[in-house]
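Asker: Heads up: the protein sequence lines correspond to chains C and A, in order. Going by the numbering used here, the final residue of the first sequence carries number 290, and the count climbs one at a time with no gaps. Going by the numbering used here, the final residue of the second sequence carries number 290, and the count climbs one at a time with no gaps.
Worth double-checking, as some hints may not be accurate.
The list treats identical chains as interchangeable, and a pair is accepted whether it falls inside one copy or across any two copies.
[Claimed, not checked] As a list, the in silico SDA-like pairs of lysine to any residue whose alpha-carbon atoms are at most 20 Å apart:
| hint | residue 1 | residue 2 |
| --- | --- | --- |
| 1 | 222 | 88 |
| 2 | 127 | 230 |
| 3 | 289 | 25 |
| 4 | 127 | 227 |
| 5 | 283 | 218 |
Just so you know, the hints here were simulated from the structure itself, not pulled from any lab data.
Protein chains: 2
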Amino acid sequence: MIERIAIVGTGLLGASAGLALRAAGFRGTIAGWNRGPEQAQTALEMGALDSVATDPLQMARESQVVLLAMPVYAILDWMEQLAPVLGPDHLVSDVGSTKAQITAAAGRLFNQPDRAAFLPGHPMAGKERGGAALADAELFRGAVWMFTEAGAGNPSWKRSEASAELVRDWREWVTAIGAKVIEIDPARHDELVAWVSHLPQFVATGLSALLEDQVGDAPELKHVGGRGLREMTRLGASPYSMWRDIAYTNSEAIQAALFALEQRLAHIRENLRTPELRAEFDKANQFRKE
Amino acid sequence: MIERIAIVGTGLLGASAGLALRAAGFRGTIAGWNRGPEQAQTALEMGALDSVATDPLQMARESQVVLLAMPVYAILDWMEQLAPVLGPDHLVSDVGSTKAQITAAAGRLFNQPDRAAFLPGHPMAGKERGGAALADAELFRGAVWMFTEAGAGNPSWKRSEASAELVRDWREWVTAIGAKVIEIDPARHDELVAWVSHLPQFVATGLSALLEDQVGDAPELKHVGGRGLREMTRLGASPYSMWRDIAYTNSEAIQAALFALEQRLAHIRENLRTPELRAEFDKANQFRKE
Chain C
1 MIERIAIVGT
11 GLLGASAGLA
21 LRAAGFRGTI
31 AGWNRGPEQA
41 QTALEMGALD
51 SVATDPLQMA
61 RESQVVLLAM
71 PVYAILDWME
81 QLAPVLGPDH
91 LVSDVGSTKA
101 QITAAAGRLF
111 NQPDRAAFLP
121 GHPMAGKERG
131 GAALADAELF
141 RGAVWMFTEA
151 GAGNPSWKRS
161 EASAELVRDW
171 REWVTAIGAK
181 VIEIDPARHD
191 ELVAWVSHLP
201 QFVATGLSAL
211 LEDQVGDAPE
221 LKHVGGRGLR
231 EMTRLGASPY
241 SMWRDIAYTN
251 SEAIQAALFA
261 LEQRLAHIRE
271 NLRTPELRAE
281 FDKANQFRKE
Chain A
1 MIERIAIVGT
11 GLLGASAGLA
21 LRAAGFRGTI
31 AGWNRGPEQA
41 QTALEMGALD
51 SVATDPLQMA
61 RESQVVLLAM
71 PVYAILDWME
81 QLAPVLGPDH
91 LVSDVGSTKA
101 QITAAAGRLF
111 NQPDRAAFLP
121 GHPMAGKERG
131 GAALADAELF
141 RGAVWMFTEA
151 GAGNPSWKRS
161 EASAELVRDW
171 REWVTAIGAK
181 VIEIDPARHD
191 ELVAWVSHLP
201 QFVATGLSAL
211 LEDQVGDAPE
221 LKHVGGRGLR
231 EMTRLGASPY
241 SMWRDIAYTN
251 SEAIQAALFA
261 LEQRLAHIRE
271 NLRTPELRAE
281 FDKANQFRKE
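Required output: the full structure, derived from the provided sequences and hints.
Answerer: Structural data, given as structure tokens:
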């Protein structure tokens, strides 16, 4: 039975997790810590946390479940810091956007009988801007939450009985807050999100940057494009800080996806007046069929 | 005073225009004709029309204002058919997506003292699917509606007094239904919409078609991408029939825009781990600033 949760990183995802757990009926304590204390204070005031910690390692030791809700490299840093101070009565999970490196570190640093368990996770939820102030108890409702431990297929993962039970309980809470759990191999995860998440982001960034060059000096013309343009560039508002670690830790898969799209756009460009254009529209229509 | 309007093409835009005129207080008659009569029947049942015509040329002659709400080549065909049968007491306007060819035809076939006036127009409103059944009296509320007669700067456009008055009245109705009128040169119009409308469409089509190839066999994975993916591919549902004429009549500008985006994506791909990526995000953020 999970009764004490610690959230390290109380931005949009961390604070939303706190709100969602409360809304789903979690009655234990939720402590939080954030590198910039104002985000933790905001999360506290919104009711996502019961308390703000000043010593995150002590907070983690006093909790049963520690949720790391930060960019990937920060998560990897915290995994190194937490592994030596936690034990077989602890579970650490995360919401990191790429899973190959985190899942490898989970095998190296956790998931032994005398150590804490680590359950690598990734909820496909977010907004184009971060921050606790945008947190939402419904953020994970209907969203896919991927776990990459099964895919690891690592027979050397041997958890203590206590921590294995925390893993089961935490999975139930993730379902309780409305997420749809998918088990996936970490390498397959990273390839998949390169297509369905990272590619759309980098396309929106590239399109927005290009249009800023083209019509940025005529703000009234930005409105000409209407809803289609707004949607195609909304993700252009995403800050670099949210994407740097993703670009670094999934470079190969993102490069392959971007290259494939460049080729696809060239194909369309060369076939604006041939029947190939109809074939592209038909295939695109197919993707959008329910 | 406009009292008799005829709408040729009662799909999404044509039927929405009828509904919007009614909602804005137009008390005259609105007749309609559509190549496929079921769309006209739907528009009639929705209240967008008072009557469905069987002879569109006669309908046009009996009206003061004829609105051509069809793809560009169909508009050009109708301009040829209407010019000889209408006179200085008539105004023809349109909602065509590209304006260079239509505006040139307007000068050649209309806008002389003994002929009907033609006011080339383009409302930046629509949905990813067409059809009268989706018509909406609010479709044009807040949308930009461009007119390309001023840009034509053509001193040979000499309208009759009566038709010039119809032009002024029609402009007022466009404002009354909530659209924001912009005057623009037809060549500049076509270049602008290549960037802010056609490029987003072809990117959404290419992205959707690519993803259909990549994850189309695993429908459950389409949902992994969440809201960002849904938005970036919504326009992928647009049918080829809505875009064929645009691709044909604005090929050069669309090719230039697509090529520029291909280069931009290649630049991002080559700089996933360099400070250039931050610069791209910063520029994209700038585009999305209000």
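Asker: Hints first: check each against the structure and report whether it holds.
Answerer: These are the hints, each one checked on the structure:
1. 222 x 88: Answer is neither: 56 Å inside a copy and 37 Å across each miss the 20 Å cutoff.
2. 127 x 230: both (15 Å within a copy, 13 Å between copies)
3. 289 x 25: neither (37 Å within a copy, 38 Å between copies)
4. 127 x 227: Both ways: residue 127 and residue 227 sit 18 Å apart in one copy and 9 Å across, limit 20 Å.
5. 283 x 218: between (35 Å within a copy, 15 Å between copies)
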